[in-house]
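Sequences listed follow chains A and B, in order. Read in order, the letters of the first sequence correspond to residues 1 to 407 in this note's numbering. Read in order, the letters of the second sequence correspond to residues 1 to 294 in this note's numbering.
Hints are computed from structural coordinates only; laboratory data are not their basis. A couple of the hints might just be wrong.
[Claimed, not checked] On the chain A side, residues computed to face chain B include the following (Cβ under 7 Å):
hint, residue
1, His-188
2, Thr-191
3, Pro-300
4, Asn-301
5, Thr-303
[As the list claims (entries may be wrong)] Cβ pair distances, simulated, as ranges:
hint, chain 1, residue 1, chain 2, residue 2, range
6, A, Pro-281, B, Leu-163, 49 to 59 Å
7, A, Lys-341, B, Gly-97, 39 to 49 Å
8, A, Gln-176, B, Gln-260, 51 to 61 Å
9, B, Ser-159, A, Pro-281, 25 to 35 Å
10, A, Gly-235, B, Arg-81, 55 to 65 Å
11, A, Glu-147, B, Gly-129, 44 to 54 Å
12, A, Gln-176, B, Val-191, 55 to 65 Å
13, A, Gly-208, B, Ile-132, 29 to 39 Å
14, B, Gly-129, A, Ser-395, 31 to 41 Å
15, A, Glu-347, B, Gly-101, 24 to 34 Å
16, B, Pro-286, A, Gly-235, 17 to 27 Å
17, A, Gly-315, B, Pro-56, 47 to 57 Å
18, B, Gly-129, A, Ile-211, 17 to 27 Å
Note that CB positions come from ideal geometry on N, CA and C, so glycine has one too.
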Amino acid sequence: MIHRSWLKMGVVMTGVFGLALGMVDVSGAAPASHAANGKPIIIGAVIDETSTMKPFDQPALEAAEIWAKKVNSKGGVLGRPIEFKVYNTESQATLAKSGAEKAIAAGAQILWVTCDATFAAPAVEVGLSHHLLTISPCTSTNLMGPEKFGPAGKLAFTFGNEPSTTGAVIARLLIQKGWKTATVVTDHLLTYFVDVCGNFTADFEKLGGKIVSQLSYTTGDHTVSQVASKAASSGAAATVLCTTTTATLPTFVTSVRTLGNTKPIVGPWAIDGGFWEPSTPKISTNLWVATYASVFGDDPNPTVRSLFHQMKAEGETPLTGGFVLGPSALEGIITAIEREKGSLTGEKLATAVVHFRDVATLSGPVTFSDEYHAVVSRRERIVEITHDKGRYVESLSPGKYGLVLHT
Amino acid sequence: MTFVGYLVDAVSLGALYALIAVSVGLVFGVLRQINLAQGEVMAFGAYSLWIMRALPSWLAILLCFGICVAGSLVLQVLVFRPLRGASALTTLIVTFGVSYGLEALWLVVFGPEGKPVSMLIKLNDTVVGGAIALRWITIVDIGTAAVLLIGLYVLLFRSSLGLRMRAVAEDFSIARIVGVRIDRVVTVAFVLCGASAAVVAVLETVQTPLVTTTLGLSLIVVALVGVVLGGLDHLARATAGGFIVGFVNSLLGSILPEQQLVFVTSLTFLFVVVVLVVRPAGLLAPRGAGAERV
């Protein structure tokens, strides 16, 4: 009988432990005692949920929200949970401004804005006028800061790369692959494209490469086919294309390929993701992208892979590798708050951020300076599309020609 | 690529704009109304090709024609019929609004990232390689436009239906008095516009295999400028105007030096402004013709 009782108790205890373990496993959360129960830290996210910038803004925010849940389940930031309040700008200036005002009226202590300095400007100005730390997760120019917003811009930062980083990474990729000559095609739609291709040109020549021809068009001017014809017949070992995923991108790639040019076409994060490619293996092949993370499920960082799969499972598959910049920006914000011992004052947080030197984030170490409010010297993921299928190839740093901040 | 290659490309883009311009000119001829929403019928057609991407190409294109014609007729019933008798300016503004509304609808339904269409993508292959670099799609563009425009000419000038359409275009009221069934003529005009939109949707998606929400408006605005340039009140001139704008735009893109390429659109529109200052009635209108412009 005694033996039976012990057996029963063992079964019951096993069940209790199993249930407890199961609960921890399912939620992924720490015990309730660790949960953040202080006053929430409110981040006002003024982003595009419907229009032009949605493919960039939304995945970054969704990834950040997943990250915030994880942080909150582990006790939050100094005991305070992070809460996002989201306002849709539809990439319209008036909605960006009113969204920022609503966010601040709703108690936002930090502003989170869209991934382009021009689209974000109305919201950024509201944030700066209220002396809030104003963060863009993935603007990839140095315009989120004093360069565009003057002295008040010292409170604004982006966790996207400074274009010199991307230009240098692409230059190194070409040299490393033995593609010693290049045709450069610049879309004049955004300064970012001009800057990336400009930096690529300078660094590629410093590394011993030769620019065969410099071509350009502006999205919407209906000349991309002619430019593609010139690029296809330029004789260069590779074509570097600085544009984004508008209709001109597949037009260019299709034109170049169907004219018989099968050489590599290389571009920055702005052409990342396979969603724009014609599903024709002959056309969508030998395409190379320098980006923040692989969206083909094979990123080398297991945390990034896990986050990607979680987003995919939730029906929010990110279109580009920029999604990792959401958690990175949040990690930066958290680090700043912790370094300032819980203060949410914009000036204090900005001072902490500007002193970041190789602060570890999901997208790699992050460094800022008074001059550069965008990330410099970050290693980028190189992704190759072959026969309409993407794969991670390697991580590449900008090397000696990318900006290196002296600490 | 040689100058001959550039010229052929320019003719091809001009032909595409001529097809859009002829639709605008047709509706204006019959109803004295400007149809800016025509661009969104094209966009609808292009999106329908993405929706039907799993179907055989011939079937998807056939259905695309049906969808565009249906869309055009719905616009006729819901927008143009209530506006009959309104000024051209009123319809211009209303159809501009409809166009923006539909663009917003595409944004909500299809999203901002664009939808890839690979149908008939082989038409981008080259017929003649090397310096001329002539593609099949260029030949198809020019051939299709030529066949359709000749067909329209035959319809208008060699058939009783065309006679009735021209009568309506000449004087709406008198045509009605002499027994022309106005509604039938208007319906035929919108069926032709829908078919033209389908042709443009197919040709455009072959060359630009990513359908985005701005497809319609970006094409129709340029075509409308061409229509005004040629002469809005004359179908052949309006069509020729569309062709000229496309031709000039493409040729400038090919021959301008690299540093000046950012000015392609500006120079195209400067050309239009200069033409209208010198010849206010349109480039192809007879001297002394009225200068009324929308």
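Status of the hints after comparison with the structure:
no.: 1; hint: His-188; in the structure: holds, 5 Å
no.: 2; hint: Thr-191; in the structure: violated, 13 Å
no.: 3; hint: Pro-300; in the structure: violated, 26 Å
no.: 4; hint: Asn-301; in the structure: violated, 25 Å
no.: 5; hint: Thr-303; in the structure: violated, 26 Å
no.: 6; hint: A:Pro-281 to B:Leu-163: 49 to 59 Å; in the structure: holds, 53 Å
no.: 7; hint: A:Lys-341 to B:Gly-97: 39 to 49 Å; in the structure: violated, 55 Å
no.: 8; hint: A:Gln-176 to B:Gln-260: 51 to 61 Å; in the structure: violated, 35 Å
no.: 9; hint: B:Ser-159 to A:Pro-281: 25 to 35 Å; in the structure: violated, 47 Å
no.: 10; hint: A:Gly-235 to B:Arg-81: 55 to 65 Å; in the structure: holds, 58 Å
no.: 11; hint: A:Glu-147 to B:Gly-129: 44 to 54 Å; in the structure: holds, 46 Å
no.: 12; hint: A:Gln-176 to B:Val-191: 55 to 65 Å; in the structure: holds, 59 Å
no.: 13; hint: A:Gly-208 to B:Ile-132: 29 to 39 Å; in the structure: holds, 35 Å
no.: 14; hint: B:Gly-129 to A:Ser-395: 31 to 41 Å; in the structure: holds, 39 Å
no.: 15; hint: A:Glu-347 to B:Gly-101: 24 to 34 Å; in the structure: violated, 45 Å
no.: 16; hint: B:Pro-286 to A:Gly-235: 17 to 27 Å; in the structure: violated, 50 Å
no.: 17; hint: A:Gly-315 to B:Pro-56: 47 to 57 Å; in the structure: violated, 30 Å
no.: 18; hint: B:Gly-129 to A:Ile-211: 17 to 27 Å; in the structure: holds, 25 Å
Of the hints listed earlier, those the structure fails to meet are numbers 2, 3, 4, 5, 7, 8, 9, 15, 16, 17, in rising order.
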